[in-house]
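Trainee: Chain by chain, the residues run as shown.
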Amino acid sequence: MARHGPEAATIEVELCGKLAELHGRLLALSVPGEGCTAGIVLARAAEAVDGLAPMVAEGRVRVCINEVVVSDGAAVGPGDRVALFPPVSGG
Amino acid sequence: MSAQVDLVHRAFDPAELLEAFHRGADDVGAVVSFTGFARGKAREGAPVAALVLESYRGVTLRSMEAIAAEALDRFDIASCRVVHRDGTILPGEAIVFVATAARHRRAAFEAADYLMDRLKTEAVFWKREEGPGGGRWIEPTDADRADAGRWA
Numbered sequence: 417m418a419r420h421g422p423e424a425a426t427i428e429v430e431l432c433g434k435l436a437e438l439h440g441r442l443l444a445l446s447v448p449g450e451g452c453t454a455g456i457v458l459a460r461a462a463e464a465v466d467g468l469a470p471m472v473a474e475g476r477v478r479v480c481i482n483e484v485v486v487s488d489g490a491a492v493g494p495g496d497r498v499a500l501f502p503p504v505s506g507g
Numbered sequence: 004m005s006a007q008v009d010l011v012h013r014a015f016d017p018a019e020l021l022e023a024f025h026r027g028a029d030d031v032g033a034v035v036s037f038t039g040f041a042r043g044k045a046r047e048g049a050p051v052a053a054l055v056l057e058s059y060r061g062v063t064l065r066s067m068e069a070i071a072a073e074a075l076d077r078f079d080i081a082s083c084r085v086v087h088r089d090g091t092i093l094p095g096e097a098i099v100f101v102a103t104a105a106r107h108r109r110a111a112f113e114a115a116d117y118l119m120d121r122l123k124t125e126a127v128f129w130k131r132e133e134g135p136g137g138g139r140w141i142e143p144t145d146a147d148r149a150d151a152g153r154w155a
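If you read the sequences in order, they're chains W and S.
Residue 417 is where the first sequence starts when you use my numbering, and the numbers rise one by one after that.
Residue 4 is where the second sequence starts when you use my numbering, and the numbers rise one by one after that.
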C-alpha cells in the first residue's frame with residue numbers, strides 16, 4: 417500500500433498584490449500528487465482563502481508558474497514556483 | 004533599432020537618463036521623453052505618504068520588454084528606453100521614464116505616448132497608495148483603459 421495517496425502533495429503558493437491581504441504572502445496548499453493543474457490550484461486556493469472565491473469566479477485571478485502566466489490546463493508539479501496574480505495595476 | 008528596459012529599486016534621475024539616451028542616439032532628428040512622478044495627493048485629494056509598487060520577479064520586466072518591442076515594431080523609431088521603479092516611492096520621486104528617438108518627431112511622440120498608455124494598464128505591477136488611513140490598492144482607471152484602447 418502506498419504511503420502517499422494522490423492527495424499527498426503540498427505546494428507553496430505566493431499571493432501577489434492585494435491577495436496577500438486575504439491570507440498573508442504564502443499559502444500552503446494541498447493538491448493532487450499527480451495530474452495537478454493550474455485550474456486545480458486556483459480552485460483549491462479559492463476554498464482555502466476567505467474572500468478569494470468571488471474573484472476567482474469572476475476570472476480575475478491568474479496563475480503564474482515558473483514566471484509564466486498560464487491557462488487552467490497547465491501542469492503543476494513539485495518544485496514549481498507558483499503564484500496567484502490579481503488584476504495588474506499597471507505602472 | 005533597440006529597446007533598453009530596466010526595473011530599478013532606487014530613486015533615479017530622469018535628466019541623467021535623458022542625457023545618456025540622447026548621447027547614444029545617432030542620426031536622429033527627434034528625442035521625446037516622459038517622466039511620471041508620484042503625487043502627494045490621491046485622486047480625491049487625500050494625502051499620500053508613499054506609493055508602493057509590487058513587482059513579480061522576471062514577469063514584470065518581461066511585460067515591459069514586450070511593450071517596448073511592440074513600440075519598435077509599430078513606429079518608425081530608432082530606439083526607446085524604459086526605466087521603471089518598484090518598491091516604496093515617495094511623493095515627488097520619479098516612477099517611470101520613457102524616451103524615444105526617431106528621424107522625425109511624429110513617430111517619437113506617438114511611440115512615447117503608446118509606451119506610456121500600455122505601461123499604465125498592462126505592466127505587471129500591483130500598486131497601492133499609503134496614507135494616514137492605511138493602504139489603498141490602485142487599478143487602472145476607465146480613462147487609462149480608454150487611452151490604451153486607442154492603439155488597439
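Hints are computed from structural coordinates only; laboratory data are not their basis.
Glycine residues also receive a C-beta, built at the ideal position from the N, C-alpha and C atoms.
Any given hint could be a false lead.
Partner residues aside, some chain W positions facing chain S, computed with beta carbon under 7 Å [said to hold, decoys possible]:
1. Cys432
2. Gly433
3. Arg441
4. Glu483
5. Pro503
6. Val504
7. Ser505
8. Gly506
Trainee: Could you tell me which of the hints above the structure violates, numbers in ascending order?
Mentor: 3
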